[in-house]
Amino acid sequence: MKLLITLTIIIGIVWGFTHPRVESVKVKAYTVSNITPSVTPSPTPLPLHSEIMIEVIRIWGEKPPAEILKILECFNSESEFKFNAINAKNRNKSVDFGPAQINSVHTKRFGNKFKTDWKENLRVAKQIYDEQGLKPWYGKRCS
627 MKLLITLTII IGIVWGFTHP RVESVKVKAY TVSNITPSVT PSPTPLPLHS EIMIEVIRIW
687 GEKPPAEILK ILECFNSESE FKFNAINAKN RNKSVDFGPA QINSVHTKRF GNKFKTDWKE
747 NLRVAKQIYD EQGLKPWYGK RCS
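Residues 627 to 769 in the working numbering are what the sequence shown spells out, letter by letter.
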């Protein structure tokens with residue numbers, strides 16, 4: 627009896643796969659023209675504070691560890707490593723941008739990219755640092 631039931635089930639399964647039920651469905655067709663598919667870019671992930679710190683260490687890598695630590699402390703006191711930090715409270719009406727708080731007075735020399743690109747902000751900071759040390763930065767831990 628069990629064999630008969632098992633055979634019936636197997637035959638039913640095989641029959642279902644080899645002879646699928648076809649139902650005809652009437653669907654009204656619509657023609658759509660002039661549609662261009664677009665791709666929505668996925669959002670760029672925001673950098674973590676640790677990523678910004680690692681980039682500082684990478685850029686200043688040839689400096690002694692104590693000096694790199696001082697730079698990290700300075701940038702932390704300036705922006706808390708916020709990639710999009712903006713300070714518009716300067717006495718001379720200039721604005722500071724990014725994790726290194728690069729002042730807008732440097733736009734003429736370095737362009738505008740450092741204002742929105744945090745890695746470029748750190749590269750510009752390195753150039754300024756190589757010329758002047760930490761003198762341009764006024765954070766609590768920069769002196």
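Simulated from the structure, these hints should not be mistaken for laboratory data. Watch out, some of these pointers could steer you wrong.
Unchecked claim - The calculated lysine to aspartate or glutamate pairs, modelled on DMTMM-like cross-linking and capped at a C-alpha distance of 20 Å, are:
1) K708 with E681
2) K752 with E688
3) K739 with E681
4) K734 with D756
Status of the hints after comparison with the structure:
1. K708 with E681: holds, 13 Å
2. K752 with E688: holds, 12 Å
3. K739 with E681: holds, 17 Å
4. K734 with D756: holds, 18 Å
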